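J.: Sequence:
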Amino acid sequence: MSRVEQRLIIFAVAFAAVIAGALYSWSKIAPQPVSPDAAAQLLALRLPDLASKQHLLSDWRGKVLVVNFWATWCPPCREEIPGFIRLSEKYREKGVEFVGISIDSANKVRDYAAKENINYTLLIGDGSAMSVAPAFGNRAQGLPFTVILDRAGATHKVKIGLLEEGELDGILAQMI
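Using my numbering, the letters of the sequence shown correspond one by one to residues 13 to 188.
Derived by calculation from the structure, the hints in this document are not laboratory data. Because the structure is a prediction, the values reported are computed rather than measured. Any given hint might turn out to be false.
Pairs of lysine to any residue residues, derived as SDA-like cross-links and limited to a Cα-Cα distance of at most 25 Å, are as follows [to be verified]:
id	residue 1	residue 2
1	Lys102	Ala185
2	Lys127	Ile93
3	Lys169	Ala63
4	Lys171	Leu57
5	Lys120	Gly95
6	Lys106	Gly165
7	Lys102	Ser117
8	Lys106	Thr133
9	Lys75	Leu99
10	Lys171	Ile115
11	Lys169	Arg73
12	Lys75	Lys106
13	Lys75	Ala63
14	Lys102	Asp138
15	Lys102	Glu128
16	Lys106	Ala56
17	Lys75	Ser14
Sequences are here, hints too, so could you generate the full structure?
T.: Pasting the structure below:
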């Protein structure tokens, strides 16, 4: 076998390995189907707010619920917040509740919320809060991650990644 043939074989094997690795990685982060009990898992979460008061997400049943998992260190999460603030104000009187679940410490979230004038409920999550992510098809538990539940508590929309204000506005306008 010539030297050129050996190099071509080595290149082909290496290329195949890279493609296989990429496909495997993509299968881990690609959105998966939503589990039938995903909404029930989310509504069963009990988390503290910035004042350490516990909230059960099912307390907001009967409203359209926009639940956003985020972190202060996450650039796309921070990019979504001004739109969430505006839409929270726009739809508050129409039965839409925004709830942000941060995976940061309460102090970091409190400081960030004050700086950005966040006008919707913020809860402090931990590992257990993100444990619902795989049920919504977010196996990699990526941020930001938004779930929209209808008034009956059923999953209406799941968005892994940045949720643009215009897209969310359109969804909410159809739901109310």
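J.: Holds or violated: lysine 102 and alanine 185, Cα atoms, limit 25 Å.
T.: holds, 10 Å
J.: Between lysine 127 and isoleucine 93, does the CA-CA distance stay at or below 25 Å?
T.: This hinted pair holds, its Cα atoms lying about 12 Å apart.
J.: Is it true that the CA of lysine 120 sits at most 25 Å from the CA of glycine 95?
T.: Given pair lysine 120, glycine 95 holds - Cα atoms ~21 Å apart, limit 25 Å.
J.: Please verify whether lysine 75 and alanine 63 have alpha carbons no more than 25 Å apart.
T.: holds, 23 Å
J.: If you draw a straight line from the CA of lysine 102 to the CA of serine 117, is it 25 Å or shorter?
T.: violated, 29 Å
J.: CA of lysine 171 to CA of leucine 57, is that 25 Å or under?
T.: Given that 25 Å is the threshold and the Cα spacing comes to 19 Å, the pair holds.
J.: Would the pair lysine 171 and isoleucine 115 pass a check requiring their Cα atoms to be no farther apart than 25 Å?
T.: Distance of about 17 Å is within 25 Å: holds.
J.: Is it true that the CA of lysine 75 sits at most 25 Å from the CA of serine 14?
T.: Violated, at about 71 Å.
J.: Keeping to a limit of 25 Å between CA atoms, is the pair of lysine 75 and leucine 99 held or broken?
T.: Measuring from Cα to Cα gives roughly 15 Å; hence the hint holds.
J.: Does alanine 63 lie within 25 Å of lysine 169 when you go C-alpha to C-alpha?
T.: violated, 29 Å
J.: Given the hint that lysine 169 pairs with arginine 73, test it: the Cα-Cα distance must not exceed 25 Å.
T.: Satisfied, since the Cα-Cα distance of roughly 16 Å is no more than 25 Å.
J.: Could you grab the alpha-carbon distance between lysine 102 and aspartate 138 and see if it respects the 25 Å cut-off?
T.: violated, 29 Å
Consistency with the previously given hints fails for numbers 3, 7, 14, 17, ordered from lowest to highest.
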